Amino acid sequence: MQQKEAQELIARTLGPAQGFDLGDIVFFATGTEWGAYFPKTHKAYNKLTEVGLASLDTRDLRDVETRRNGHYWLDKLRAVHYLLSGAADIKSIAENNHVIALHAAHHFEFGNTTIVDRDQLAGALLQDFKIIDGKSPGIPLKYRQIIFIGHGWNKMYERNLKDNGLDIWSVDKILAIVDSQLLHRHPGATSLGPRLDKLLDQYNCSPLHVNNGANDAVYMLVTVILGVLWDNAWREQKDGS
0 MQQKEAQELI
10 ARTLGPAQGF
20 DLGDIVFFAT
30 GTEWGAYFPK
40 THKAYNKLTE
50 VGLASLDTRD
60 LRDVETRRNG
70 HYWLDKLRAV
80 HYLLSGAADI
90 KSIAENNHVI
100 ALHAAHHFEF
110 GNTTIVDRDQ
120 LAGALLQDFK
130 IIDGKSPGIP
140 LKYRQIIFIG
150 HGWNKMYERN
160 LKDNGLDIWS
170 VDKILAIVDS
180 QLLHRHPGAT
190 SLGPRLDKLL
200 DQYNCSPLHV
210 NNGANDAVYM
220 LVTVILGVLW
230 DNAWREQKDG
240 S
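Following numbering that gives the first Met the number 0 from start to finish, the sequence shown increments by one per residue and tops out at 240.
One thing to keep in mind: the hints can contain errors.
With a cut-off of at most 25 Å between alpha-carbon atoms, the simulated DSS-like pairs for lysine-lysine come out as follows [as the list claims (entries may be wrong)]: (1) Lys90 x Lys129; (2) Lys46 x Lys134; (3) Lys161 x Lys39; (4) Lys134 x Lys172.
Pairwise CB distance ranges (calculated) [said to hold, decoys possible]: (5) Gly137 x Lys90: 42 to 52 Å; (6) Ala87 x Lys3: 37 to 47 Å; (7) Val63 x Ile99: 27 to 37 Å; (8) Ala87 x Glu7: 35 to 45 Å; (9) Ser84 x Glu108: 17 to 27 Å; (10) His105 x Asp59: 27 to 37 Å.
Simulated from the structure, these hints should not be mistaken for lab results. These numbers come from a predicted model, not from an experiment. Glycine is no exception: its CB is placed at the ideal position from the N, C-alpha and C atoms.
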């Protein structure tokens, strides 16, 4: 999805421009961690080690004020963290070039970690994506529409998930995949867009632990929400309203 199309979809769904006439959507963001920084002899080298999901149901936002910096909306975020059983005992002090820890598997900030076998991961994720529509009871069950958020989303991202049993396009009711990095790229820029930690800094957010799959998923949705609210506030200020 191209930048302008993605921006319009998010703005239309979260709805500030329409007086917060929220779309009936569940947002999901995913963060994944890989053992690319481990030695080549390591058992988890270049393998998936974590998957995190964060969700935001627009039905939970109805009649809820945003408050300063979207505080009341951010309270509605939910997250799950899956740590692959083969990686549960791994410890690492590796850091990237920005002196940020690359391994934060044991620092999930928003709940409890679930340890799962690799062959059970896809089934667990697919079950998480199935949000029953309580407004449409009956048989067969009806499920809610989903907008999927990833930061730095690309074909390799999709292929890596598929190699671990999850074909993201097989998820029922998926409306679109939106790249939050592209969403925030400066108009006319040729770069990929801001890194997640840089983006959080722009929004005055100070995460405790990035490079944890579930924490990063939450932060992705935080940037999407704040991006919409800040953009709307800027437009109101510009219009003098």
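Hint check results:
1. The suggested pairing of Lys90 with Lys129 is violated, with an alpha-carbon distance near 33 Å, which exceeds 25 Å.
2. This hinted pair does not check out: Lys46 and Lys134 have alpha carbons roughly 40 Å apart, beyond 25 Å.
3. Proposed proximity of Lys161 and Lys39 is supported: the alpha carbons are some 23 Å apart, at most 25 Å.
4. Only pairs whose Cα atoms come within 25 Å are accepted, and Lys134 paired with Lys172 is accepted, the gap being roughly 16 Å.
5. For the pair Gly137 and Lys90, the beta carbons lie near 50 Å from each other, so the given range of 42 to 52 Å is met.
6. Ala87 and Lys3 have their C-beta atoms about 42 Å apart, which keeps the hinted 37 to 47 Å range intact.
7. At roughly 33 Å, the beta-carbon separation of Val63 and Ile99 lies within the given 27 to 37 Å, and the hint holds.
8. For the pair Ala87 and Glu7, the supplied restraint of 35 to 45 Å holds, since their beta-carbon distance comes to about 42 Å.
9. For the pair Ser84 and Glu108, the beta carbons lie near 22 Å from each other, so the given range of 17 to 27 Å is met.
10. The hinted window of 27 to 37 Å between His105 and Asp59 holds, with their beta carbons roughly 29 Å apart.
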